[in-house]
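A.B. asks: Given chain F, put chain P in place with the hints provided.
Protein chains: 2
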Amino acid sequence: MMANDAPIATDVDAPPITRILADFVAAHPSRGWDASVDRQAHRSVLNWVGCAIGASRHPAVEAALAAATELAPGAQAMILGRSERLDIASAALVNGISSHTFDFDDTHLKTIIHPAGPVASAALALAEHRRASGRELIDAIVLGIDVECRIGNAIYPDHYDRGWHITGSTGMLGAAAACARILELDAGRTAMALGIAASQPIGVREQFGSMTKAFHIGGAARAGLMSALMARHGYTASRRALEAPRGLMQTYSTKCDWREVTDELGLRFEISFNTYKPFACGIVIHPCIEGCRQLRDAHGLRADDIERIDLLVHPLVLELTGKRAPKSGLEAKFSVYHACAAAILFGQAGEAEFSDAIAARADVIALRDRVHASVDASIGESAADVTIHCRDGRDLHLEVAHAIGSLQRPMSDADLSRKFHGLVDPVLGAARARRLVELCGTLADADNVDALKAAATD
Amino acid sequence: MMANDAPIATDVDAPPITRILADFVAAHPSRGWDASVDRQAHRSVLNWVGCAIGASRHPAVEAALAAATELAPGAQAMILGRSERLDIASAALVNGISSHTFDFDDTHLKTIIHPAGPVASAALALAEHRRASGRELIDAIVLGIDVECRIGNAIYPDHYDRGWHITGSTGMLGAAAACARILELDAGRTAMALGIAASQPIGVREQFGSMTKAFHIGGAARAGLMSALMARHGYTASRRALEAPRGLMQTYSTKCDWREVTDELGLRFEISFNTYKPFACGIVIHPCIEGCRQLRDAHGLRADDIERIDLLVHPLVLELTGKRAPKSGLEAKFSVYHACAAAILFGQAGEAEFSDAIAARADVIALRDRVHASVDASIGESAADVTIHCRDGRDLHLEVAHAIGSLQRPMSDADLSRKFHGLVDPVLGAARARRLVELCGTLADADNVDALKAAATD
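Read top to bottom, the protein sequences are chains F and P. Under numbering that gives the first Met the number 0, residues 0 to 457 are what the first sequence spells out, in order. Under numbering that gives the first Met the number 0, residues 0 to 457 are what the second sequence spells out, in order.
Bound conformation, chain F alone (with noise of 0.2 Å):
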């Protein structure tokens, strides 16, 4: 304790908002909001699901189940996609990371947290555990969510711009309030779970590229549920962790807007602003797969008959997603010259079009080197302008205002069902799958999760 204790942050006065956000997700209400909210959560876990079965399979997977399974652990939960039972904490471990392996998730585009993901994997293995009922896991999805996303409306850009991973350093937030919700804790029990995932913010973005960016969701779950489960036995934190000078917020943001998790608390639900990704990369550059695609139908375009394609970007989109030459299909996420490459060669740009094969591919690898993309200041961040020289000595040219996916484009239900397909398909069966969609859809109503279980996994 012999330090040169020179504070950074020192609001001294901040509202007492882990006692506020643990007093809402205690005492708000079964279905408290709007029918359009209990919508758009039936949807995100249809889009989690299917993401999480889809990367069931894949090498990070495969790891985080050997590393757990090498703690004996109890078969308490299901792993999406998969046989395997985990115990309950990492059973959130594993989900959480499968379900962001493909990067394919749901975004919340006001602070690109991708809500579902540390929240749902949480709350569904605790739900199962404890044979909570549909209804119970979509409140404390919803409410979890609200949490996760508010805490990280307060604190972005400026936590982000840092370096945080903002799913994860927000997430277990998320996580604690859904399991709190379950677990049926009072208030003050509420506030302790919020506080003691308060000390676990998880995820740096120096790992966007390797597997530890996907173990921020699945650690954040983790991360949550854990907390949740002390605070339940009388495991005690500060009840200020979230907001005192030197709680989480002010010592990991300098920008702390107290009314962003305030504001509106009950009356308006982050969720509704959630959106899902039509392609399985980075959000920034949807609009350009999205106008090369559009071209591309548009006209019967094939790869031979292209010569050049020039994009006018927001600097964002070379900033994250510049590779050149990608030399794996986790590498390709990262180029927008691979991207729209794959958009032209196969009119979509799915999790099978980011495989290293396709990475490899000569004729992926001879149009992606024409395309051209140049940085304009003028260009919105979910915008892109968009050029093909073709070699008959056409010009094409689409301006996308908002890419499909956007709030303002969003994707329709049969949209999120064919997106669903592609990724559990090739898993567990389109008869399987259809069976998931149904299930996903009206999840609320079940009184349990076993048919889900029975469904989901082998």
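Careful, some of the hints might be misleading.
Okay, the calculated bits of chain P under chain F, using three or more residues with CB under 8 Å as the criterion [said to hold, decoys possible]:
| # | segment |
| --- | --- |
| 1 | 64-77 |
| 2 | 155-166 |
| 3 | 208-220 |
| 4 | 225-232 |
| 5 | 240-246 |
Because the hints were derived from the structure by calculation, they are not lab data. These figures come from a predicted structure and were not determined experimentally. From the three backbone atoms N, C-alpha and C, an ideal C-beta is built for every residue, glycine too.
C.D. replies: Chain P alone, transformed into the frame defined by chain F:
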């Protein structure tokens, strides 16, 4: 990924310390250091075991154990001082919590890290499970503590000043290093273990005074152990997870002195600078306690003899331990007034002197209220100036330059043994405590930890 990207820290030329530390941990020869380093390692283990057993029936430990038990854990590893067995990750958590619960563990003074807790809690659990030898365990602890404290040296004090509890936010790296060593991971996988751990810093200072402070130590132990297990099974992280611009260190500290990590690596060992507390509270008030105790013993003072005690102290003393009227034993640890009253009344300030009952005793409160402390900027952090005004008119004065337990005046082996008995006798009895002193002192010669387990658990 739509951030307004304005990096805070941008040392893009940082040396490759993740790789450097991984090479060191994987390749440094067994016992590749002076005998004094080995001796300090055994003293650190003894002190850590004593603290953990002493607190093993505390409500914080009971709560953590109950939460871990909800996972239906395998019976893989011992819980010091108890009969239960848990999986290795949960055992690392619970032993880490108990070892810090009394705030009586070791201190690396340059960083105020409590080194053994995260590292030994993880290493012992894994060593038991893998049937590692005592030599392998000691090697892992020396190397793990070196990694932990060198990272701490690089970022202290800025990192601590921001609000991080540095033991939890560096401890997961030490625990990962120690576990990678016990698992005999090669340098590449050791780098991955450090990398996965680099996404899991634990703990903010707002938690001081709650059970979550001790969780930071146990949580770091668990995180490091699981990181090593995941790396063993092929889980990957960034190869520059520690040092890159958006890696851990530049994300959570503005000060990053890379030479503190690399200078004399393998030649100078940070465990050499470990110290042990003679008093069960923050070391910042140890000089005051020492002064009161010495004057008491030299002059045969009793509470009734004393009119008033005047302390001149370093500014941190009042900032950290200025509670005038502590309402519990835990709060009393943050009261220089209580601590000095206890030193006079009981001649010591062990865990017993910081109980709820002692904090509430009328004679303690009466004397506590006669203790007065003033900040004097000329007083060093390890010093205090104590004047006792007696009712018979005598003014007794003592300047304490360094309290017992400091690097300048280390506790002798006999002092440590006495402290150990004070902690362990009430839990396991004096005979078992004597056996444990012997076993901890010769741990490097043991074929495995079976004998330690037999003596340390019910």
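A.B. asks: Evaluate each hint against the coordinates.
C.D. replies: Hint by hint, here is what the structure shows:
1. Coverage of the segment 64-77 of chain P by chain F holds [criterion: at least 3 residues with CB-CB distance below 8 Å; count 8].
2. Counting residues of the segment 155-166 of chain P whose CB falls under 8 Å from any CB of chain F gives 8; the rule of at least 3 is met.
3. Counting residues of the segment 208-220 of chain P whose C-beta lies closer than 8 Å to any C-beta of chain F gives 7; at least three are required, and the coverage claim holds.
4. Chain F is given as covering the segment 225-232 of chain P, and this holds because 5 residues of the stretch bring a CB closer than 8 Å to a CB of that chain, at least three being needed.
5. Closer than 8 Å: that is the beta-carbon criterion, and the segment 240-246 of chain P has 5 residues meeting it against chain F, so the requirement of 3 holds.
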